[in-house]
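Each chain is listed here by its residues.
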Amino acid sequence: MTRETVRFGHTELPERQVEVLHRAIRLEWITIAFLAVTVTLVFLVLGNSQAMKAAWIEDLLSFIPPIAFLVAVRINRRLPTKRHPYGYHRSVGVGHLVAAVALGTMGTYLIVDSASGLIAAEHPTIGTVELFGTSVWLGWLMIGVMAVIALPPVFIGRAKLKLARELHNKVLYADADMNKADWMTAVGSIVGVTGIGLGLWWLDSTAALFIAGSILWDGLRNLRAAVTDLMDARATTFDDKKPHPVAAQVDEYLRGLPWVAEAGCRVRDEGHVFHIEAFVVPVDGETPSLDTLEEAREACIDIDWKVQDIVLVLTRELPEVVESGAPAETKNSPAA
Amino acid sequence: MRTTTPFRAAVIGLLALTLAGCGISIPSDPDGTLDEARDGVLRAGVSPHGEFVVVEPGASAPTGSDLSGSEVEAIEAFADSIGAEVEWTVSSEEALVRGLEAGDLDLVAAGLTDATPWIDKAGVTRPYAETTSPDGSPQKLVMLVPIGENAFLTELETFLTEYGRAQSGEAAR
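Those protein sequence lines, which keep their order, are chains X and E. Counting along the first sequence from 1, when you hit position 121 you're at 121 in the working numbering, and nothing is skipped either side. Counting along the second sequence from 1, when you hit position 65 you're at 401 in the working numbering, and nothing is skipped either side.
No lab work stands behind these hints: they were computed from the structure. Owing to the predicted nature of the structure, the values given are computational and were not obtained by experimental measurement. Just so it is clear, CB atoms sit at the ideal spot from N, CA and C, and this is done for glycine as well. Zero decoy hints are in this set.
Facing chain X, a subset of chain E residues (Cβ under 10 Å, in silico): (1) I483; (2) G484; (3) L489.
One side only, chain E facing chain X, incomplete, derived with CB under 10 Å: (4) S364; (5) P366; (6) V460.
If you anchor each label on the Cβ, the simulated ranges turn out as follows: (7) X/E130 - E/R434: 26 to 32 Å; (8) X/K242 - E/K457: 55 to 61 Å; (9) E/S473 - X/E130: 20 to 26 Å; (10) X/L46 - E/V377: 31 to 37 Å; (11) X/V136 - E/R374: 17 to 23 Å; (12) E/G419 - X/I119: 35 to 41 Å; (13) X/E130 - E/G400: 28 to 34 Å; (14) E/I455 - X/R221: 33 to 39 Å; (15) X/A33 - E/E387: 47 to 53 Å; (16) E/D375 - X/I32: 53 to 59 Å; (17) E/D371 - X/V136: 17 to 23 Å.
Chain E extracted, bound-state conformation (with noise of 0.2 Å):
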């Protein structure tokens, strides 16, 4: 069909347009998450949930002394390798997602796992480590990222599967 001939070349000027305005970087983000936190802030949003997540008793606006759990670790880990300072935000899954949604916050932990129903509502990362359920059935968890903005999403599992194979490490030691 030759009509794709001019399709072709509109796209392969624009690729070149778009290589030489921003640099190049592939993936990246069509919202800027990762170079708006890097050396900057990293907007977590959490909800309490087992060991994951843990929130003292009795705190009204927990703030990150106020936080424990291994998502939490993991999340000042992640902060810490792109120089970023962590901003907590703990409330509900639901508005958190929501959250992630309005482009106010920038990942999600609460000891999600592969199943998560929020699939249509943010990005899932690759499950980054596996642990065991009260039933005693096999969990892969997961944390929850900006649809689309890919290049924060390759960023963080590339930490998270480095950080997880340490973890598994320290512990068979």
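Chain X with its partners taken away, still in its complex shape (with noise of 0.2 Å):
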């Protein structure tokens, strides 16, 4: 079977990353399919409990996640044009600037909303259902449905941390980092039904707020994370924790070339590809050829597949932003 060439706008995805979109794509098909499941039988068994509705809303905030990304890798496959230069990868970061400010926002509502139904001392009142002719209490099926629909999103969670990392796709981390930790929604809702159950109310509320609580610090945190990135700062590994690799692999490549005296570059993060503004020093002050440059830039170029547009800045000095570059040299560095 052929495929067809895999463009994130001028960037050809390299065949093993191929594969990982299209997994990751059907993955995501997957958790909506799910989620689609899940919110309608959540819905169902709903009743008057707060921890229930608390996971309901963060179920109906799941689908943000997935359908950002769904759209995001569409729209980033369209090539830059006169009017948008630097192509459309930045959707990715639209996408988790929306999904981070949906959590957030549900976050704090509900912990409202719980928090005042606790203050108010209000005793959630869950009757029966009519099951195959006899009468069964609601809390029992809140319950076992959550205890159904507690492991999948797990494992769904773990296989697309996986594809986030080869992807460089942050709304796919986020999105895996929450699968990840939905179990803990579904305790808590079945914590707090048990806690109705036994006549203990306010374990109901308490329960509500401590998953309201996870809601919103998903927010922050995937709103800290994507308000980075589209301050254009230092691009980082997919899940934030330390600064990307290619910016030095490029650097030393840059500065292992015979013309170069030094050589820093700025990297930012567009979504899934990095645009890089390498600024380097010649040699004794000399300009360098133009097919000497374009060899420079194809070769940043294979370094990484992420490595799509990459201007070389012929420069008298380096700017202070950029990671400064005389080997076994400090004198750039500001203050030690």
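With the hints in hand, could you dock these two chains into one complex?
This is the structure:
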């Protein structure tokens, strides 16, 4: 079977990444299908439990990251135009921001809602439903449903986490991370409903507060990550834990060239791919030929598929904002 | 998130304690409505409405003998099923709902339907019977219980479902 070429803007994805992308897309569709079932099931047994309400809203919100991902990878493929000279890569960042704001808002709302229920000492009322001719306490059904839907997202999340690393996709990462923590929501609502069953009415609102807190926390964490990227902060790995190694690799390559005295680059994370400005100070201030420059540029692009748009800038001295380049010297580093 | 382990441990410990303390019964009432009514007194509030709750005209302080109607009968049958005597209160719906909120009543019936606006003030049972309203549209009958008294609510709903089935069975014959 021949695969069509998959691009992110001008970047043609390597075969490995194309496969990963296809798997990620499939997993996100599976997630959406699973969520549709979950949301329906939970809605059917929702009752008056605040914890169940919180869990249901979290499930509803869980639709956003997969949808944002699917939309973003589609828009991403468009080629850069005169109107959009940097391409459409930022769609990933926009999706990330939208998901984060939604999470933060709903988390806050649920915290207020649950806390006011707790303060007003609202006793949740849960009665029975008729099931096959007998009356069954609805709480049992709630517990059953939450127990069934607790685990699958954990496995889906783990699978997505691996793909997120290879694709360098932060929306996918955020989504995977949320899925992975989903069992806690289920356990939380089971605890809440069990509390109602035992007559401990406050346990329901308390469990809801715990779930709402985790939603808010997800929102704030993602908001920080999304804003950081949109603010063109230094490119980091997909989990925002450390600077992305590609910048150092490009620096290292350029510094190794015979005609380069110093080199340093600044890297913007556009979502999947990087836009790089590499500042180069030539030896003896001598301007290299166009061919030499072009060769260096091509070599940089070959370092990693994520290096997409790279611009080489010849300069007398490196700007302060890049890692300074002269090997074994630290002359340009600001106050140690 | 590792921080949740102590939380869960605390919850599980607490549940275990509670289970040991009061014997396993799920659901149960935070305020013990069912326990107090069983083999004791069921405090029922009714408000006259159609054929459901009928109060003998001229009865100044109505007691059980002055009351009739399908819901009055249903409540008496329910009280029998838990070995309770009924203590009747006849008043307006609002006063009765306040009685539920204050813990002075266990149960309210007034030909209420599942469209009742008292939903925030009281626990509403699952519809237990269907009738036709004067304008011909179908109506689903419910009763009110104190909010959050889930054992009592479950007992009542289970009884009313059986009772409703028996009644409609009789009517069919």
